[in-house]
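Residue numbers (numbering that gives the first Met the number 0), protein chains in the order written: chain A, 0 to 86; chain B, 0 to 86; chain C, 0 to 226; chain D, 0 to 674.
FYI, nobody ran anything at the bench for these hints, they're computed from the structure.
Hints should not be assumed to be uniformly reliable.
[As the list claims (entries may be wrong)] Partial list, derived from the structure: chain B residues whose beta carbon lies under 10 Å from chain A:
1) Pro16
2) Gln17
3) Glu43
[Said to hold, decoys possible] Sample of chain B residues lacking proximity to chain A, with all beta carbon distances greater than 10 Å (derived):
4) Pro1
5) Glu12
6) Asp32
7) Ile68
Keep in mind that this is a model prediction, so the values were computed, not measured.
Just so you know, even glycine gets a beta-carbon here, dropped at the ideal spot from N, CA and C.
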Amino acid sequence: MPRVVVDVMLKPEILDPQGQAVANALPRLGVTDVSSVRIGRRIEIEFAGQPDLDRAREIADKLLANPVIEDFSITVVDAADVQESHP
Amino acid sequence: MPRVVVDVMLKPEILDPQGQAVANALPRLGVTDVSSVRIGRRIEIEFAGQPDLDRAREIADKLLANPVIEDFSITVVDAADVQESHP
Amino acid sequence: MTARIGVVTFPGSLDDRDAARAVRIAGAEAVPLWHDDADLHGVDAVVLPGGFSYGDYLRCGAIARFAPVMETIAAGARDGLPVLGICNGFQILCEAHLLPGALTRNQHLHFRNRDQWLRVESAGTAWTNAFQAGQEVLVPVKNGEGCYVADERTLDELEATGRVVARYLHGNPNGSLRDIAGITNEAGNVVGLMPHPEHAVEALTGPSLDGLGFFTSILKHLAGAPA
Amino acid sequence: MGQPEPTLADQPSATGPAVDPAGLAARPASPVPGQPGPGQNTSDTARAGSASDAAELPVNGYPNGVDTVPHATATAGDLQPYAELGLRDDEYDRIRQILGRRPTQSELAMYSIMWSEHCSYKSSKVHLRQFSEKAPPSDRMLAGIGENAGVIQISDRLAVTFKVESHNHPSFVEPHQGAATGVGGIVRDILAMGARPVAVMDPLRFGAADHPDTARVLPGVVAGIGTYGNSLGLPNIGGEVVFDPCYQGNPLVNALCLGVLPVDRLQNKAAAGPGNIVVLMGAKTGRDGIGGVSVLASATFDEGSEQRRPSVQVGDPFMEKLLIEACLELYDAGLVVGIQDLGGAGLTCALTETAAAAGTGMRVWLERVVLREASMQPHEILASESQERMLLIVAPEKLEAVLKIAEKWGVPASAIGEVTGAAQPAADGQAGAEPGRLLVTWQGHTVVDVPPGSLVDDGPVYARPMREPADLILLQADRAETLPRPSTPEALRETLLRMIGSPNLCDKSWITEQYDRYVLGNTVLAQPEDAGIIRIDEQSGLGVAISVDGNGRYARLDPYNGAKLALAEAYRNVAVTGAKPVAVTDCLNFGSPEDPGVMWQFAEAVRGLADGCAELGIPVTGGNVSFYNQTGAAAIHPTPVVGVLGVLDDVAQRVPMGFARTTGADHDLIFVLGE
Ligand SMILES: Nc1ncnc2c1ncn2[C@@H]1O[C@H](COP(=O)(O)OP(=O)(O)O)[C@@H](O)[C@H]1O
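So here's chain A without its partners, still in its complex pose:
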């Protein structure tokens, strides 16, 4: 079944302490070539019928993201078509 995915990320100017914490931990894993890590939310919405993009946009705008600090983007994904998945 197709689903709508809403990605919510902190606006670039808002500090992301979680992402920073991950970035700071990387050298300990031997990873030194990462310049930035940002952590946001991925929200997968399944509709009973046809996925409704306008509806999803409305939900995202009113509830899923706080426009004061966050941006969001919306995509429709075919569930069968999910990328390389681990494990």
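Fit chains B, C and D with the ligand to the known structure of chain A by using the hints.
Coordinates of chains B, C and D with the ligand only, in the frame set by chain A:
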């Protein structure tokens, strides 16, 4: 600059209280045709040079996702090419 | 007549009985309000207590904002109804756009509970008129997402118009911009506070009695307000 | 309202005007369309036994895709994976003997989890008896060992209940969720007694502070405990943080909860009254921790554990908070006959324990359980350890009111069965509902037909071999007196600095700051005090003090005295606040009971604790045994953790730990009491 995106979602059989809370709140916004909401993390990693997928996979496996309860998937995105973004 | 102060309970509210206790100790009647009941039962002021409304899933306060009682409170607040949001209540007020800015994850990523010194910056609000501007008070903080953020323009405006109600002293417990612990709206009737004054109202259980001032303030305010 | 609230116990915190019941949070998932009224709806039982079972084509190796009682009877010779489920040959034989046939798949799952060490206490039972046998008489104890938690009367009107439990293994696998659900579990035990949970404590033990895995486990555990307790609005009033390499592969996460109840609100778990309805209330049932009890709690983490890695439970503290409020409202309205929390062994444990406690039978329609995943098999539904669920026994005429309160709080609830009589034939005279049996059907097929007591009370009991560990003499010979002592001021200074800087003695506020200690507004003492104190009655000042203590290193050297030492320390910590110690709870964390050395340590520790309690004149009211805490062949130090509860008539009289200046005096005298 291209970046690597790691999407981390709870395994399907694991309870997702966040998603459930959002799903339960939707009727109050007048949305009644959503059958399920799952909430995970979207992690955007920028590499200093060329994004390194294997590296990203290793980071995801060791640090970003807990394989006991979560699955992850990895994609390379061209930052210029980010989908419709609000607001 | 004793003032009637409503204390709202959302599913997941935790400090509601504490807020009610503080209201009573201050000498008013605490009136329980229920999230699903849009009727404010004629209260003179409202406290949105601390806790984890709706589990604080998604974002703190994001879901509570849509509760029926909030619609009435928002409308009332715009007409001057005094509203105090404590911790989760502050988060709800920001989510409902009754106050500017937002509360985000503590910079150190931990929940933090400690006794915190504050400076009351503005004694001109409905909830702080019992203090002197500049007065230092000791009140517990306890939150995981108490880091106040807003854009520079908003922050400047809050400062310029005296709408920063309280600031953290001797160490900022969560990374709030400009050490902001509480703010008010333009009219001074809506106040959001991250620290918990309701936990500083009894010598036996709190670090001080300083929190009581927020609750006696509202009585003073109501006594002075035209009926 | 507007009346001062007299006590913590008797007011639901969050009852607003009960105007419109429908909470936004969650609409109960379709509560019970067709109620099983007493005596009706048994026709599907009859169908279960009919020939249709055999006629269908096999799916999953079973006709109809499910192993039924008639099928099990017809295929007595089928091999079953009992060994993989942790059952011994003789245990499996006993099951066949009890049933007079091979167990169905569901029954096998049920026996394997109920007869596991974790649920049956099969290795510890013979020793734990001493707690009752040696216990001093107490007229305060309203409920004791065997109940969900011990209940102690503290005034004419009020009682408290408290208990400590372990969640060690899950917390190693998934520290955050493991620890969080540990708190959730003990809170439901307290709730099941009729109490409002009012405080938590968390005795913790980790490997070396500088070991990399401690950096994974400790923050997760602390965040898990913090998140769950904070979100429930329960002040954390104390605990322990101990580092020792012996806990490296096996951290100890113990959690204690305190609850308060009016004496007349005491609940019990007996499923009394044939015709009463069995209601499952709380979160939906999913595939959480299936096999968790048998695999997770009775096996060690060695190679190969990768494959049988248990599915971990994820906690939802918000649901638990709603569940608490809903239960308290049900109690206050007098709507439940019996109640039991669902923890380890899930529905299996709750159904059999409630029925066995009353000596009744039970009839359950498994398809009425609200599922998170529709594809779940009956044995999975029975074994699921989904969190935040309670089982209620409700009189039929009260059912509607019960469902209404659940709906008000946004908690799913559904009637899944009914209590059947101990000596009463099925109401419609058909075969099936035999007296005093647990009969479970799934979509018309009988999947379980067992005497409930056989799972609960008649499990195996072992007097395991015990032998003093061979290295003990050597360890004891290495006496403290022989250690070098600092003899110069410099050496003394160096020793002192080393001690102050050691992780075991250093300030713990970096952990305790992550816990809410103010919520509920009755915390009189908490960290860094020796004991936590909670005010119970705001009018009179009546309150209780609790301390938890343990010393694994001491217990390793001498388990008998090590247990006594833990008891004595907790007792002293409570007494110095001014409280009178009245009750004990304990969590006994040990290695494998199949190791005679560990078994000896266990027996000694239990004997020590029982003797210590007898000497001090206070009873053990409940607790928990956690075995198999080891990595490979190496067991942790024997670690009995002991909690002592004391009563203060007026918490304003408590004595805090810090020296306080006496007003008017220019100096104070310091005395040392004791030897
Ligand atoms: N995991 C914990 N959770 C809550 N409180 C804790 C925890 N660990 C330690 N504490 C508290 O911190 C204080 C100091 O602990 P500790 O150094 O172990 O003291 P003591 O040795 O006197 O028991 C005590 O009040 C104790 O209850």
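Now the hints, each set against the structure:
1. The beta carbon of Pro16/B is not positioned within 10 Å of any beta carbon in chain A (closest approach about 14 Å), and the interface hint is therefore violated.
2. Below 10 Å, beta-carbon pairs count as interface contacts, and Gln17/B has one with chain A at about 9 Å; its hint therefore holds.
3. About 5 Å separates the beta-carbon of Glu43/B from the nearest beta-carbon of chain A, less than 10 Å, and the hint is met.
4. Taking the minimum C-beta to C-beta distance to chain A, about 12 Å, the non-interface status of Pro1/B holds against the 10 Å cut.
5. For Glu12/B, the requirement that its beta carbon stay farther than 10 Å from each beta carbon of chain A is met, with the minimum near 15 Å.
6. Some Cβ of chain A comes within 10 Å of the Cβ of Asp32/B; the nearest lies about 5 Å off, and the non-interface call is violated.
7. Every CB of chain A lies more than 10 Å from the CB of Ile68/B, the least distance being 12 Å, so the non-interface label holds.
Taken one by one, the earlier hints fail for this structure at numbers 1, 6, listed in ascending order.
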